[in-house]
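Q: Each chain, letter by letter, is given below.
Protein chains: 2
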Amino acid sequence: MTPTITGFERSPDGGKGLARDTRVRWALEEVGQPYEVRLVSFAQMKAPEHLAIHPFGQIPTYEEGPLRLFETGSIVFHLAEQHAGLLPGDRDARARAITWMFAALNTVEPPILELMTARIFERDKPWSEERLPLVKDRVRATLDKLSVHLGAADWLDGAFSAGDLLMVSVLLRLRMSGILDEYENLAAYVARGEARPAYVRAFAAQFAVNAPSIS
Amino acid sequence: MTPTITGFERSPDGGKGLARDTRVRWALEEVGQPYEVRLVSFAQMKAPEHLAIHPFGQIPTYEEGPLRLFETGSIVFHLAEQHAGLLPGDRDARARAITWMFAALNTVEPPILELMTARIFERDKPWSEERLPLVKDRVRATLDKLSVHLGAADWLDGAFSAGDLLMVSVLLRLRMSGILDEYENLAAYVARGEARPAYVRAFAAQFAVNAPSIS
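Note that the protein sequences, when read in sequence, are chains A and B. If you read the first sequence in the UniProt record's numbering, its first letter stands for residue 1, the second for the next number, and so on. If you read the second sequence in the UniProt record's numbering, its first letter stands for residue 1, the second for the next number, and so on.
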C-alpha cells in the first residue's frame with residue numbers, strides 16, 4: 001500500500017528543503033518506500049478535512065490505509081519500525097538511536113526554533129537587534145555539547161540512524177545563520193547527511209515543488 | 001534488574017514536580033517498576049562522569065545494566081516498550097499514541113519553553129514586559145488547537161497512554177502562568193493526570209527530595 005504524505009503547496013523557504021516534509025521524504029527514501037504527495041495550501045491546512053488528520057494544522061501528515069499520523073518524529077519512527085534501514089536491530093543500540101531522535105527534536109530544535117522566531121516574526125520589534133545575540137548564544141550552548149559528543153565520528157552513535165536523519169534535518173535550519181559553520185565537525189556531519197543518495201532524492205523531490213518558477 | 005535514574009540534588013522548582021525526572025518517575029510508577037535514584041548537583045551534571053551518560057549535561061538519565069539513556073521522551077518510550085501499561089497493543093493505536101508523545105515534546109513544549117525563558121532568563125531585560133504577551137499568545141495558538149482536539153474526551157486518543165503522560169507533564173509547566181486555566185477542558189485533563197495513583201506516588205517521591213526544608 002503506497003502511503004500518502006502532505007507538503008506545502010508552496011513552501012515558505014522556496015525549496016531550501018527546510019519544510020518538515022523533507023524529513024519524511026528522506027526517511028521514505030532511506031527505507032526504499034514509494035509514496036504519494038498531496039500538496040495543501042495554507043487555507044487548506046486550516047480546513048476541517050486537514051485538521052481531522054493534523055490537529056495543529058501543519059504539514060506533513062502520513063496516511064497508510066486507515067492509519068493517519070502527524071508529527072515528523074512519529075512518522076519517521078513509524079517508517080523505521082516498519083522497514084529496515086533506520087534503526088539498529090540490537091535492543092540497546094535501538095534505544096540509543098531513539099534517544100537521539102528525541103534529542104534532536106526536544107533538546108536541539110527548541111532553541112533553533114526560537115532563533116527562527118526571533119529572526120522572522122520578531123525582526124521588526126524594537127528589541128530585535130539587542131536580543132538576537134542572546135538567542136544565538138542559547139543555540140551555541142547546545143551545539144557546543146553536541147559537537148563535543150560527535151567528536152570525529154561520522155554519526156551520533158555507530159551507524160547512520162533515524163536519530164541522525166532528524167539531527168541533520170534540525171541542524172540544516174541553522175545554515176543561513178552562519179552558526180553551523182562555527183562548528184567544523186557539525187558542518188561536516190550535516191554535509192555527510194546531505195550527501196546520502198536518499199537525501200539527494202528527497203531534496204530534489206521537494207525542490208521540484210517549492211522552487212520559485214523562473215517565468 | 002532495578003534501573004537507576006538521576007534527578008536534581010535540589011530542583012530549582014522547589015518540589016513542584018516540574019523537573020523532568022518527575023516524568024520518568026511517573027512512567028516507572030505506571031508500569032510498576034521499582035527504581036533507584038542518584039541525585040546530582042549542578043557541578044556534577046557538568047562533570048565528565050555525567051556527560052558520558054548525558055551529553056547535554058541534564059537530568060534525568062536512565063541506567064539499566066549496560067544500557068544508558070537520556071532524553072525523557074526516549075526513557076518513557078523505552079519503559080513503554082518493555083512493560084505493559086503505557087502503549088496500546090494494536091499497531092495503529094500504538095503509532096497514534098507515539099504521535100502524541102512527539103506532539104507533546106516537539107509541538108506543544110517548545111512555545112512553553114520559550115515562555116519559561118522569557119519569564120526567568122529575560123525577566124530583567126528592557127523588552128520583557130512588552131514582549132511577554134507575544135510569547136503567551138504563541139502558547140495560546142497551540143493550546144487553542146489542542147483544546148479543540150481534546151474536546152470532551154478524557155485522554156488524547158482512547159485510553160491513557162505515554163502520549164498523555166508527556167502532554168500532561170508539559171502542560172503542568174503552564175499552571176503558574178494562569179494560561180492553563182483559560183482552557184477548562186485542558187485544566188481538567190491535567191487534573192485527571194495528576195489524580196492517577198502513579199502520578200501521586202511520583203510527585204511525592206520528588207517532593208521528598210526537592211521541597212524546601214522547614215528548619
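Hints were generated in silico from the structure; no laboratory data involved. Remember, predicted model here, so these are calculated numbers, not experimental data. There may be inaccurate statements among the hints.
If several chains are the same, the list does not tell them apart, and a pair holds so long as it fits within one copy or across any two.
Below, simulated EDC-like cross-link-like pairs (lysine to aspartate or glutamate); rule was C-alpha separation at most 20 Å, straight line [unchecked claim]: (1) K136 / E122; (2) K145 / E49; (3) K16 / E64; (4) K136 / E194; (5) K46 / E184; (6) K136 / D181; (7) K145 / D157; (8) K125 / E49; (9) K145 / E182; (10) K136 / E184; (11) K136 / D124; (12) K46 / D144; (13) K145 / E129; (14) K46 / D137; (15) K145 / D13.
Q: Determine for every hint whether it applies to the structure shown.
A: Consistency of the hints with the structure:
1. For the identical chains of this complex, K136 and E122 are neighbours both inside a copy (14 Å) and across copies (14 Å), given an alpha-carbon limit of 20 Å.
2. Proximity of K145 to E49 under the C-alpha cut-off of 20 Å is restricted to the inter-copy arrangement: shortest distance 14 Å between copies versus 42 Å within a copy.
3. In this assembly of identical chains, the alpha carbons of K16 and E64 never lie at most 20 Å apart, being 27 Å within a copy and 42 Å across copies at closest.
4. In this homomeric assembly, K136 and E194 never come within 20 Å of each other (Cα to Cα): the closest approach is 24 Å inside a single copy and 36 Å across copies.
5. When the C-alpha separation of K46 and E184 is checked against a cutoff of 20 Å, the pair qualifies neither within a copy, at 41 Å, nor between copies, at 23 Å.
6. Taking identical chains as interchangeable, the C-alpha atoms of K136 and D181 lie at most 20 Å apart only when both belong to the same chain, with a minimum of 13 Å there against 33 Å between chains.
7. Taking CA atoms no more than 20 Å apart as the test, K145 paired with D157 passes inside one copy only; the shortest distance there is 15 Å, against 36 Å between copies.
8. In this homomeric assembly, K125 and E49 never come within 20 Å of each other (Cα to Cα): the closest approach is 35 Å inside a single copy and 43 Å across copies.
9. Taking the shortest alpha-carbon separations for K145 and E182, only the intra-copy value of 13 Å comes in at or below 20 Å, while the best inter-copy value is 38 Å.
10. Taking identical chains as interchangeable, the C-alpha atoms of K136 and E184 lie at most 20 Å apart only when both belong to the same chain, with a minimum of 17 Å there against 37 Å between chains.
11. Taking the shortest alpha-carbon separations for K136 and D124, both the intra-copy value of 17 Å and the inter-copy value of 18 Å come in at or below 20 Å.
12. For the homomeric pair K46 and D144, the shortest alpha-carbon distance between copies (13 Å) is at most 20 Å, but the shortest distance inside one copy (38 Å) is not.
13. In the homo-oligomer, the alpha carbons of K145 and E129 never lie at most 20 Å apart, since the shortest distance is 26 Å inside one protomer and 32 Å across protomers.
14. For the homomeric pair K46 and D137, the shortest alpha-carbon distance between copies (18 Å) is at most 20 Å, but the shortest distance inside one copy (35 Å) is not.
15. Proximity of K145 to D13 under the C-alpha cut-off of 20 Å is found in neither arrangement, the shortest distances being 28 Å within a copy and 25 Å between copies.
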